[in-house]
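Please assemble the complex out of the two chains, which come individually in their own frames, going by the hints.
So the chains spell out like this:
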Amino acid sequence: MAGLTFSRGTRGQFAAIARVRWQLFGNSLRTLRGRFEMVSRIFIALAFAGGGLGGAMAFGATSYFFASHGKIEWLAFLLWPIFLFWQLFPVMATAFTENVDSSNLLRFPLSYPSYFLIRLVYGAFDPATAMGCFWLFAMAVGIGFADPPLFLWAAVVLLAFATVNILLGRMIFAWVERWLARRRTREILGVLFFLIIISFQFVGPLASRYGGKRPPGMTRVTEQVLPVERLLPPGLAAAAIAQSTEQAAVALGALGLLGGYAFAFFALLHLRLRAQFRGENLSESTAQSKTLARGQSARYAGWAVPGLPGPCAAILEKESRYLARSGPILFTLVMPVVILLIIRLTPGNSGKGDGFLVHAPDLAFPVGAAYALLILTNLIYNNFGPDAAGVQFFFASPVRLREVLIAKNLAHSAVVAFEVVLVYLGVCFLYRPPAAGATLATLAGILFALPVNLSIGNLLSIYSPKKIDFGTFGRQKASGSTQLAAFGSQAALFGIAAVVVLASRMFGRIWLATVLFLVLAAFAFLAYALLLNRAEQMALDRREIMISELSRA
Amino acid sequence: MDNVAISTEHLSRRFGQFVAVDDVNLRVAAGQFFGFLGPNGAGKSTTIKMLTGLLAASAGRIQILGMDLTGNAIEVKRQIGVVPEGMALFGRLTGAEYLNFVGRMYGLDRDTASKRAAELLEFMQLVDQPKTLITDYSHGMQKKLALAAAVIHGPKILFLDEPFEGVDAIASGTLKAMLQRMIARGATIFLTSHVLEIVERLCSHLAIIHRGRLVAQGSLDELRAGVEAQAAAALPPSEPGAAVAGEKLTLEEIFLRIVGGTGGADRELSWLG
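If you read the sequences in order, they're chains A and B.
Every letter in the first sequence is one number past the one before it in the working numbering, and letter 397, counting from 1, is 458.
Every letter in the second sequence is one number past the one before it in the working numbering, and letter 243, counting from 1, is 245.
Isolated chain B (complex conformation) (with noise of 0.2 Å):
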């Protein structure tokens, strides 16, 4: 794989006895929108936090744009735009006042600061009262003002944990477009999401961790064909091709297929009936 955005080596992070992530190797090409999936628990967040040096690896490697981040922690975290778990925002700024702060504390003059803010709080329509505290932003407009705040600085990498959840189809669509236009501009977005829709939708290449443990890694197309060969190969030789007749997998089909199950949708209440 040529021009490697993301790379990790043998990557785990353990919670005490608890392994939240194991053995991970991950690759994300430079430009992919690559989504990052998993039931819950299954160590999403724990590695989009080691990824981005809000976490440390209990072992492996990480390498950020070809740089190890573990030596080069500030050089990488300049070339890269997160909206973590929970936004991270200060809540007692305007939307205004925490954009600049944040572009100056990614080093952009004063200047640049304060144009790129008020043009990004244009963008995402959030222009229109100035003298709110982010407080006081209803759920997704500081969905928004987290996105916005993630790229003010032109980052290579964008890492983002669950950014639609929560937003309502109008937030939604305002967050799509940016997304797109920085996938236009060349950037890597690295993206986890319940929302199976939207990640089939964006992305181009997808990774699936279960119980901390990478089980499929490829495009959408691999890794359709890898669950259909699987089920292929499960059928008695009499039956050939049929677990490829009919229509395509959904992406909500394959990720249940290969993270085992229906997540107890067959099974019986004994007291519901």
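Extracted from the complex, chain A is given alone in its bound form (with noise of 0.2 Å):
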């Protein structure tokens, strides 16, 4: 890094780049579906605004806390999940997406050093490093007022606390970069994260439990991981502020040990950044699979469905076989039976005992199928998303966009139908068999909820396309505007279905809800088909469109 001058050129390099990015972002406002992204991102915003501040006021008031009253070595449960947040937040939200390639920049004139600060400092920009420093800041100003002389040290320590998140989550991002540069790896990577996720959802219902009880292995373990956790860099900032007083060496020997891990992180970074700097390819190479035999016929047969015609068919397999190739698919289906099992897992508000559903147990099936339901809307609401440019295929061959949308619709049909078992199912094996009653109003509920949430879907399909990659995990969202419809749209399929159970209630008869949610499926149905018969017009007046969104890089 000795070479790093900001010379007049390297400044205008600097320059070059924050430029080229303000232009992207004000020509990506030139269109309206920017202009929507743009008004969902100041949501975000403020969202992550709200979250940082309140955060810092909490972090603050109980770092103060911490100080005031001498428990400074608590500091840790504080500086824990700030790092965990700092390390895991970026890469859940992001990595699974197909990255820039930072290789486009090496074709300019750049040296090591500036490419290196570049790289640093742009992958910065996250709101996982803005919150984090705040947070951090807010820790400080709150250690401060408890014990003002106590305030510089401290603030020196979270400052190097700060560098090794930096350079941690940079270095970790670096290297998922090289291992997300394939399709292969960037899918199994993504398999790990989300089963790590799901993993998580577990650990308040079983601390909550657990925790209470701890029994005599649960001490063992702790006592063992203590000496290991004042090893790792949230112990050790919380070591350095808290020795300082009293023990000046151990103090300095943990904020040494803190700023070695900044160097390894930094050695390891610069690692990677060099390969790349040195022409290492990450991108995407023709995988090798399986080669054919000798003599091995590579026919192969398409599905054949009783009752529908070739192309309904064959796009009814088309859909399928993309769904089944999908990580994230397969996952949002398991995620309702994971839902079920975090609450029946949870506590109910006193503490002890089970969640609301173990008390209500015929709740838990129209609970996990409006969960299935409302979490399938992303793929009904996006109908041609996972087809990208291929979409073009479908105007161009003799089919008409009718019989592909109901192609459509049937695999996403099937899907739901496929939930809803899961779903009764895992009803069945963590509660019990839901009532008849509640069983067939469900039911009927969803023949409701079905036909309304395909007639948006299709609609919202032809308006607000947005192209989507199965493989990739994150950042998979539909458009910003067909977000906002379809949180209108479900809430206000939520009202319907609350008003015809309370109506149901009212009377005492849970047949009245099935008999209500029928006659509103009929209605459902009929506008499923009338709609259905004017998207193909739609459709064709707006296919520029579509494939234009559609295809984009």
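Treat the hints with care, since some could be wrong.
Partner residues aside, some chain B positions facing chain A, computed with beta carbon under 7 Å [to be verified]:
| hint | residue |
| --- | --- |
| 1 | Ile76 |
| 2 | Lys79 |
| 3 | Pro86 |
| 4 | Ala98 |
| 5 | Arg112 |
One side of the interface only, derived from the structure: several residues of chain B facing chain A at Cβ under 8 Å [stated by the list, open to error]:
| hint | residue |
| --- | --- |
| 6 | Gly55 |
| 7 | Ala90 |
| 8 | Glu99 |
So the derived label-pair ranges between C-beta atoms look like this [as the list claims (entries may be wrong)]:
| hint | chain 1 | residue 1 | chain 2 | residue 2 | range |
| --- | --- | --- | --- | --- | --- |
| 9 | B | Ser140 | A | Gly549 | 43 to 49 Å |
| 10 | A | Gly340 | B | Arg16 | 45 to 51 Å |
| 11 | A | Arg168 | B | Glu224 | 43 to 49 Å |
| 12 | B | Asp113 | A | Phe479 | 26 to 32 Å |
I should point out that these hints are in silico values taken from the structure, not numbers from a laboratory.
If you're wondering where the values come from, they're calculated on a predicted model, not measured in any experiment.
Every residue, glycine too, gets a C-beta built ideally from N, C-alpha and C.
Right, here's the structure in full:
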């Protein structure tokens, strides 16, 4: 890094990169979709700002409390969540997208130090870094108010901790980027990280369930884990601040170790970026798969679906293959049962006993089914998203768009049906088989909600399509306008369902809900059929916009 | 012209104020290998999109195999094959699955689709890796697959938008062999390409579009004769025949003369010296 000089040329390159990012942002606002995305980003930024501010107040106040009550070593309890958030959130939020190939920068005459700095600086502009730094600042202020002489030392230690976090974050990204460059490793990593996310969901319920009892094994594990914890960055930072007055040598040693971590992460980041700088190719290459043995036939026959014409069966098969090969979709299918399990493990309000669904098991099936339908709207509301540029084929082929939509709707309906069966089995296993009345009412409710969702989905798929990659985890949401419409329609659907259920409860007859839902379902199917007939012309009128939106790189 | 495969009358397409295709009248006879040329942004892709139903025309009429495209879109699409810009593949299918899918979308029964898909994969030398997803194919493999998909139903007309772009010599040879076979069995091929050497070798007839307007149409010899006649007319009477002396004009020379100029090759950059 010794060669890093801010010469005129280097400053010019930095300014050019900043300028091009600004121009990209400005140009994105030229389209209606871009402006919608901007509005949605403002809302997200506001949410982050709220979280950041709330977190800062909490971290600041708790630090003040610990420092003023002589419990400074407990700062580790605050530093660990910050550390985990800082490292895990960006990976979860952004890692599973098709990353910008940073080697693009390498065709310009950038020096290695400039390249390193650009990767470090631009990569650090993320919400986790901003929030992490803000929270650490709040902690320093809290400590300073409680113990003014400690402020300066705490600020230095927390600055070192922030540096460790920034370097570690960039180092993880640089290495993950290497693995994400290939589709297969990207998908494997995606599965692993989703498993981690799901396992995190169980931490709270299990801790609440078993936390109070503290079995003897748990104490033993805690005793073994604590010394290790003290050697990791959050533990070191807490020790460096806590020991500063009584054992200055220990405090300095802890800060030194923290510096050692920073140096190690820096070196690992350097190793990766240096390899990139020297021309390592991270782009997607032709993956080799099992080759066909001599004499083996490549013949493959498509599905035959009784009652469906050939093109519809072909689309149904294609959709099914896409869904089955999508890690995110498979996880989506499992999630409702996982949620039911989490609720099952979560103690009640008193902290004792079981979750609310155990006391009202007949609600478990409708809750699970409603949740399943809710999360599948991402799929249903962006029918052509996974087809990407392939959508051109539908317009060039001799098949009416109406038939294409029917086949896609059939595939999605099959997924919903499969999901409902899965939820039913999950409920039977985790709670108890739901009562016949509740089951029928739920199924009738789905019969009403499904055609409504399919109709809205067909419209939104034509009017607001967005390319998505079924193999990529994270950031795979529909467009901002679709999300807004989805929110509104789901709110309306849940409102109607609530009115129906309340009406049937008022009369004390659960079968009334089934009848009402069936009547609503008949209207919903009629509306679906009418809309389907018009969808053909709508799609043809908007084919140009659809093709250009879905063919975006 | 007997047996017209493709014809357009006053075909136009506007994007707001910009006229991408302006009053184009095309005639392509059945069985012709037709090259549609033009500089970047001249309107080639826009025209091919309108001819294949991927884009609506702002004005004018399109007839394919004697059928009006607007009124008989489905029937027309049944008779044509398309390799559009960007190829329009479904990346998360294997080659065999994709070809089967396309075959059935064009109305082939399962058995026929399966047989033809296997043959095409063999012909295109894509048979080696049956489990590989299309998204993992190289660019050349994807082009070959896109062409295989465009011909699986035995179309009477094939529309190809830049089929040789980014394709190596081996893959290009396979594609050309396939196209020659199509022509031999009586199909019509409508092709856009920037590789003028390939167009010159393959195409019997050409049209050149420039700034949205059709500026030349005919066989290569007709275009050459037209350019030479123009050049002769431009010369002073004291030097008759000077323009046509020497070797025959290549397609590149004809193209440059028709679209006007050297593309800036005769200009200089102040800082380049």
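- Within 26 to 32 Å or not, the Cβ separation of Asp113(B) and Phe479(A)? holds, 29 Å
- Should the interface hint for Lys79(B) be scored as holding, given a Cβ-Cβ cut-off of 7 Å against chain A? holds, 4 Å
- Satisfaction of the hinted span 45 to 51 Å by the C-beta atoms belonging to Gly340(A) and Arg16(B): Holds - the Cβ-Cβ distance for Gly340(A) and Arg16(B), about 46 Å, lies within 45 to 51 Å.
- Gly55(B) as chain A interface residue, shortest Cβ-Cβ below 8 Å: holds, 6 Å
- Message: The hint names Ala90(B) as touching chain A; please verify it with the least Cβ-Cβ distance against 8 Å.
- Response: holds, 4 Å
- Message: Less than 7 Å between beta-carbons is the criterion; does Ala98(B) satisfy it with respect to chain A?
- Response: holds, 4 Å
- Message: For the restraint on Pro86(B), tell me whether the closest CB of chain A is nearer than 7 Å.
- Response: holds, 5 Å
- Hint status (Cβ of Glu99(B) to nearest Cβ of chain A, threshold 8 Å): holds, 6 Å
- Restraint satisfaction for Ile76(B) [CB to CB of chain A, less than 7 Å]: For Ile76(B), the interface hint holds, since the closest Cβ of chain A sits about 5 Å away, which is under 7 Å.
- Item | Closest C-beta approach of Arg112(B) to chain A relative to 7 Å, hint status | holds, 5 Å
- Query: Between Ser140(B) and Gly549(A), does the C-beta distance stay in 43 to 49 Å?
  - Reply: Holds, since Ser140(B) and Gly549(A) (Cβ atoms, about 45 Å apart) stay within the stated range.
- Determine whether the Cβ-Cβ distance between Arg168(A) and Glu224(B) falls within the hinted range of 43 to 49 Å. holds, 45 Å
This entry satisfies every hint, going by the numbered hints stated previously.
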